[in-house]
Amino acid sequence: MYRSAHLLIAVVSIVFVSCSAEQKLKRRITGEWSIASYQEQNVSGENGAAANIGTISFNRNGKGSKNISGINWRRNVSEGRDFRWQNSANTVTIFDQNSIFAKSWIITVNKRKRQEWKSTDRGNVQTIELRR
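Once you know that position 106 of the sequence shown is 106 in the numbering used here, the rest is easy, because the numbers rise by one and skip nothing.
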């Protein structure tokens, strides 16, 4: 009985801490961000970097919008549409059809005015830096 009470307290504590970290991140990223830089490192050697390619906004209700252009090696991709998003304590997932940003991003820098996210797919690495 004593052991199961400790286990229950430990589980509740872990859930509480992870939920609060998740909510803290949600509050932190809500709002409009400038996309200061976007980089790709591809296994095929087709690397690229672009600066100031647009804006991305995250609303509290799990929806958002983006206005992106100027990624030259992607045939000047232009994205100006709405999307859905969700987060965990250290990731943000963007849901959008036919978007290079629709994926799960791991947050490597989590500051109030600066975010850096990374994502991978089949050996390719994408990095995005957001600034307020």
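Among the clues, some could well be false.
[Claimed, not checked] Lysine-lysine pairs mimicking DSS-like chemistry, simulated, CA-CA at most 27 angstroms apart:
id: 1; residue 1: Lys111; residue 2: Lys26
id: 2; residue 1: Lys111; residue 2: Lys63
id: 3; residue 1: Lys111; residue 2: Lys24
id: 4; residue 1: Lys24; residue 2: Lys63
id: 5; residue 1: Lys26; residue 2: Lys103
id: 6; residue 1: Lys26; residue 2: Lys63
id: 7; residue 1: Lys63; residue 2: Lys118
id: 8; residue 1: Lys24; residue 2: Lys103
id: 9; residue 1: Lys103; residue 2: Lys118
id: 10; residue 1: Lys118; residue 2: Lys24
id: 11; residue 1: Lys118; residue 2: Lys26
id: 12; residue 1: Lys113; residue 2: Lys103
id: 13; residue 1: Lys113; residue 2: Lys24
id: 14; residue 1: Lys113; residue 2: Lys26
id: 15; residue 1: Lys63; residue 2: Lys113
id: 16; residue 1: Lys63; residue 2: Lys103
Simulated from the structure, these hints should not be mistaken for lab results.
Hint check:
Taking the CA atoms of Lys111 and Lys26, the gap is about 12 angstroms. The hint holds against a cut of 27 angstroms. Among the hinted pairs, Lys111 with Lys63 is consistent with the structure: their alpha-carbon atoms are about 21 angstroms apart, no more than 27 angstroms. A hinted pair counts as satisfied when its Cα atoms are at most 27 angstroms apart, and Lys111 with Lys24 qualifies at roughly 11 angstroms. Between Lys24 and Lys63, the direct Cα distance comes to roughly 17 angstroms. Compliance with the 27 angstroms bound is thereby established for this hinted pair.
At roughly 17 angstroms between alpha-carbon atoms, Lys26 and Lys103 fall within 27 angstroms of each other, so this suggested pair holds. Distance hint between Lys26 and Lys63 is fulfilled; the C-alpha atoms sit about 12 angstroms from each other, no more than 27 angstroms. Between Lys63 and Lys118 the CA atoms are separated by roughly 21 angstroms; this keeps the pair inside 27 angstroms, and the hint holds. Between Lys24 and Lys103 the CA atoms are separated by roughly 21 angstroms; this keeps the pair inside 27 angstroms, and the hint holds.
Under the criterion of a C-alpha separation no larger than 27 angstroms, the hint pairing Lys103 with Lys118 is consistent with the structure, at around 10 angstroms. With a C-alpha separation of about 20 angstroms, the suggested pairing of Lys118 with Lys24 holds against the 27 angstroms cut-off. Note on Lys118 and Lys26: the hinted pairing holds, with a Cα-Cα distance of about 17 angstroms set against a maximum of 27 angstroms. Straight-line distance between C-alpha atoms of Lys113 and Lys103 comes to about 22 angstroms, which keeps the hinted pair within the 27 angstroms bound.
For the proposed pair Lys113 and Lys24, the alpha carbon gap of about 14 angstroms is at most 27 angstroms, so the pair holds. For a cut-off of 27 angstroms, the pair hint linking Lys113 to Lys26 stands: about 14 angstroms separates their Cα positions. Pair hint Lys63 plus Lys113 holds up; C-alpha atoms about 20 angstroms apart against a cutoff of 27 angstroms. For the proposed pair Lys63 and Lys103, the alpha carbon gap of about 15 angstroms is at most 27 angstroms, so the pair holds.
Of the numbered hints given earlier, the model fails none.
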